[in-house]
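Listed below are the residues making up each chain.
Protein chains: 2
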Amino acid sequence: MEQNNKINDQRMSLFEKHQPLLNKAIEALHRRTFFAAFAENPNPAIYGETADADGQAKFKGSLGKKFVELKQTDEADWAGQEESPYLQDALKISYPIFSAGDLVGKSKKAFHVWRKVTKEQRAGILVESLDRVKARFFEIAYATMHTTGQGFMMAFQASGPHAADRALEAIAAGYEELNRFPNAVLWDKPMGKFNLQINKEWRAVPKGVSVVIGCSTFPTWNSVTGIYGSLITGNPVIVKPHPGAILPIAIFVSEIQNVLAENNLDINICQLGADTFNKMITKELAEHEDVKLIDFTGNSQFGNYLEAIPGKTVFTEKTGVNSVILDSLEDVDKVAANLAFSINLYSGQMCTAPQNFYIPEGGIKTSSGVVTFDQFAEKLVANINSLVDNPKAGPFVLGAVQSDRTATRVKDAENIPGKVWLKSRSFVNPMFENARVATPVVIEVSADKKEIFSKELFGPIALLIKTKNTDQSIALAQDMALHQGAISCGAYTTDATVREKIADEMALAATPVSFNLISGIYMNQNAAFSDFHVTGGNPSGNASFTNPEYVNKRFTWVGHREPVKA
Amino acid sequence: MEQNNKINDQRMSLFEKHQPLLNKAIEALHRRTFFAAFAENPNPAIYGETADADGQAKFKGSLGKKFVELKQTDEADWAGQEESPYLQDALKISYPIFSAGDLVGKSKKAFHVWRKVTKEQRAGILVESLDRVKARFFEIAYATMHTTGQGFMMAFQASGPHAADRALEAIAAGYEELNRFPNAVLWDKPMGKFNLQINKEWRAVPKGVSVVIGCSTFPTWNSVTGIYGSLITGNPVIVKPHPGAILPIAIFVSEIQNVLAENNLDINICQLGADTFNKMITKELAEHEDVKLIDFTGNSQFGNYLEAIPGKTVFTEKTGVNSVILDSLEDVDKVAANLAFSINLYSGQMCTAPQNFYIPEGGIKTSSGVVTFDQFAEKLVANINSLVDNPKAGPFVLGAVQSDRTATRVKDAENIPGKVWLKSRSFVNPMFENARVATPVVIEVSADKKEIFSKELFGPIALLIKTKNTDQSIALAQDMALHQGAISCGAYTTDATVREKIADEMALAATPVSFNLISGIYMNQNAAFSDFHVTGGNPSGNASFTNPEYVNKRFTWVGHREPVKA
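Those protein sequences? They're chains A and B, same order as listed.
Using this note's numbering, the first residue of the first sequence is number 316, and each one after it goes up by one.
Using this note's numbering, the first residue of the second sequence is number 316, and each one after it goes up by one.
Same shape as in the complex, but just chain A (with noise of 0.2 Å):
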């Protein structure tokens, strides 16, 4: 008794710890300006003078070895199958490998444990293990290089800050769904002469066991809302990392599991599921019969059969054709020079990233006159090339490509019927002299090719698409994201009432429209406690980040009676 008061205690007071931070995160949920926890900037000064440093040498220790950080046991065996795409080379860190009976039936156990840890516990827990996290930002930095990739600087903001705010984000939408509605309350109703008086309670009762899936290109953005959101509601988690990028989320787990064990709780709450290419346990861990919540991003056939197992309440990011319509601007090269780096940007990987450019005809209307279809294309692509040949800028902004098949993807890309704008090429990291890297492929298509550029090509490949006129490209962005799906949009113009057109219609395929961006901000980009990722309304995904549902659905109400004794 004494124990369990003083283990109360110490997580009460891990609760007011972060409570200050809590409360600020919920208030910018509402307010939606500009809110960060973490700073995005991989300075120093903020994050200590030896932090890049110890980063990389602790990820450089790391290869070749198990990872032993999880507390995990009775593991089945050890595996990792990780290849970097700067080396091109195996990184030899292997996992515990688990059945995915195993691991489900660990969870179920620590889901009654969890599930009985007050909400303000939970949250307490939660935002310390970001906070041990955020120590260890530049290792997950390098992990996530060298799993997906990505230039420094992506890794540093995409895995380390800005995912630690989204997962932020996560807490503090699921604390304030679950403080909604009272826990308990006295129904008093007037009966004429004598009041009915009934007291109430409600518990919010999570779902069960939770699994997430990871992708290979964003291992923890994409996956610590899934984790933190189901956790915060009462969940216990599965974490299925894919078997290409594991180590970075990984980290994030691991640092769960030691806040679970300070606080005497059981660290099967949140269990790392890493599996290997050729023994792959997705499929079996999404139909077993007690994981109730499943998370995940990848590609939409896989994301349609998840959503379709029948019992399971389903979150996923699928794939998506994004539109970038060109009406009319002011400066046409500032425009050239920002969709250039949109699109030259981590090459193309970014499910953000626009693919289809739609251009009248006629040309694009500008402040010093029409500027053509050709002149267009000719201006992105000297942009791109000028990106892509700037020695400091080019190979930190491209990075890596993460896979094989992305690779092969860009090349035969050339084989799309249609003008070759540019073709993809090889250029040299200065860091990484066996990088598998491409620069874009930028292809002119007739819009009455419809059935070319109606799919994602995932990768640096941009369709350059001549239309009759605006209206028309309106119509096929719409229709692209109604029916392909779509995360992003661009657009280019400076009429009021087109402007209002593309944002109704794009509204209603459920896009959100970055308008007229120039300078140092891209449609790729995405800021949490403000931009919604991904708004659920059409096929590129049935959740977002993080609106009311993203938590909502990963609890239930359930209320409770009894008259008061007379």
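Since the hints were made in silico from the structure, they are not lab data.
Among the hints, erroneous ones may be present.
Chain copies aren't distinguished; within one or between two, either way the pair holds.
Here are the computed lysine-lysine pairs in the BS3-like style, where the Cα-Cα straight-line distance is at most 27 Å [what the hints assert, rightly or not]:
1) 598 <-> 627
2) 734 <-> 765
3) 694 <-> 649
4) 627 <-> 607
5) 423 <-> 649
6) 880 <-> 649
7) 508 <-> 449
8) 508 <-> 770
9) 321 <-> 816
10) 423 <-> 765
11) 816 <-> 726
12) 431 <-> 816
13) 423 <-> 627
14) 594 <-> 386
15) 738 <-> 726
16) 381 <-> 816
17) 380 <-> 765
18) 607 <-> 765
19) 680 <-> 598
20) 680 <-> 627
21) 504 <-> 627
22) 816 <-> 434
23) 332 <-> 431
24) 726 <-> 594
25) 508 <-> 627
Note that the coordinates shown come from a computational prediction; the quantities given were computed from them, not determined experimentally.
Add chain B to chain A, keeping to what the hints say.
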């Protein structure tokens, strides 16, 4: 333009008129204490001295005629097959009949009108329609009696004030969610030497054509939440009533159309899509590619079919097996009287009616000693009989049996293998000698005959299940809820540990428990603004009146953004 301003002013004045009530309703959603906007007592002082007689006359006047109140045009036919369970005779009211394609086409057109009406104007129009319906509560009560078989008091309350309260609850919940995020903000990110400033806006985009499929027993109560939940969030609605119970909801729809027309809006924003038993349009509507939202109350088989249609957002209330756990209690007579009432009420045709009664073989502990299984069965039967045989109460509490199928099921129930404690019989309704009536059948079933009691036996059928002990009772009640679904649960225990075990185990099965009910409060009852109706967490349905998900899923948040010009 002037015309537009006038209409806008008129709509906004409706909003202002109803804003105080709307605000109270939103507050009530969160407080969850007693709140009712519409008086449940058919008191002449409240509703007017002649309201009852007028309503009855209006109902009688509609018999044998075309229902001409709707403003819908271009009907293909007129038809109607409603029959009164009290008269066992056709009402001969006919309704305009439209093809599914025609209804959806008109709805799709109305969508683009309604989605552009502000949420304030929508709220004003919808609350105003409830005000209009209020003047017709008595007429709706008689319409409900003569389609569902409910007694007058239930028909008045459930189809009138309680339904209107549930509708208001859905309007309030939707309105609150639409206000959850700002329409527009300045996102202002400090970048060191300058701030990155982006104007952001969010639109709550309605999903599109909504179809609300009604049931034969609660034609308004179970449909208005979907109707008003879809309408407040900007979706046009096609109301597809059960062919056996059209009139009550047709009156709601016609009043909604009146207010729409007065406010210069397309009346097809809310259409009645009546059909007949021999030519049901439900599947055609549900499968239509332009139908995005479906609400359904009815059997599990059809509900499961609807839930599995890809690309739809579906809200269901299906069937379940409701349990009563009898462990220990104070006054067995009060408990038996309470449960007998719950069984008799509307002849067990409520989705919240109890079916399975778990009684330990060792009996029920009471303050005056143990009551054996047989003693309890005798008391329950005696209480059922005494209510049935009370001519001033019985016929009005039991009402009539809605369908022949239910009447047959009750008769057949005598053949369930087990001791028949009470046979179903007939009784005389002093007002309707031809009423289709059936009193409860009570049968003892062994706990090992799970196949017998693991299904819903809709109607006045009570199974007394002899269990080893309360632990087995709880396990069976949970099993039923988890696998067959459950909407309500009753439990009697004076032991705090047992109480918490029941509360916890049934919460895990997403089933609300009413503890120790006696006197004038019954497990069948369910109050707007306090009790969530159906939790959505077990097979009895995937939705809950009215939790945030119930309205959030009817629209999508889409955010657009544009940098502030330098």
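Here is what the structure says about each hint:
no.: 1; hint: 598 <-> 627; in the structure: both (13 Å within a copy, 24 Å between copies)
no.: 2; hint: 734 <-> 765; in the structure: within (16 Å within a copy, 70 Å between copies)
no.: 3; hint: 694 <-> 649; in the structure: within (10 Å within a copy, 86 Å between copies)
no.: 4; hint: 627 <-> 607; in the structure: both (5 Å within a copy, 21 Å between copies)
no.: 5; hint: 423 <-> 649; in the structure: neither (55 Å within a copy, 41 Å between copies)
no.: 6; hint: 880 <-> 649; in the structure: between (74 Å within a copy, 13 Å between copies)
no.: 7; hint: 508 <-> 449; in the structure: between (62 Å within a copy, 25 Å between copies)
no.: 8; hint: 508 <-> 770; in the structure: neither (69 Å within a copy, 42 Å between copies)
no.: 9; hint: 321 <-> 816; in the structure: between (61 Å within a copy, 26 Å between copies)
no.: 10; hint: 423 <-> 765; in the structure: between (48 Å within a copy, 26 Å between copies)
no.: 11; hint: 816 <-> 726; in the structure: neither (37 Å within a copy, 63 Å between copies)
no.: 12; hint: 431 <-> 816; in the structure: between (50 Å within a copy, 13 Å between copies)
no.: 13; hint: 423 <-> 627; in the structure: within (15 Å within a copy, 31 Å between copies)
no.: 14; hint: 594 <-> 386; in the structure: within (23 Å within a copy, 63 Å between copies)
no.: 15; hint: 738 <-> 726; in the structure: within (8 Å within a copy, 79 Å between copies)
no.: 16; hint: 381 <-> 816; in the structure: neither (56 Å within a copy, 44 Å between copies)
no.: 17; hint: 380 <-> 765; in the structure: neither (49 Å within a copy, 54 Å between copies)
no.: 18; hint: 607 <-> 765; in the structure: between (39 Å within a copy, 25 Å between copies)
no.: 19; hint: 680 <-> 598; in the structure: neither (51 Å within a copy, 49 Å between copies)
no.: 20; hint: 680 <-> 627; in the structure: neither (50 Å within a copy, 40 Å between copies)
no.: 21; hint: 504 <-> 627; in the structure: neither (39 Å within a copy, 39 Å between copies)
no.: 22; hint: 816 <-> 434; in the structure: between (44 Å within a copy, 20 Å between copies)
no.: 23; hint: 332 <-> 431; in the structure: within (21 Å within a copy, 46 Å between copies)
no.: 24; hint: 726 <-> 594; in the structure: neither (29 Å within a copy, 57 Å between copies)
no.: 25; hint: 508 <-> 627; in the structure: neither (49 Å within a copy, 49 Å between copies)
When each numbered hint is compared with the structure, violations occur for hints 5, 8, 11, 16, 17, 19, 20, 21, 24 and 25.
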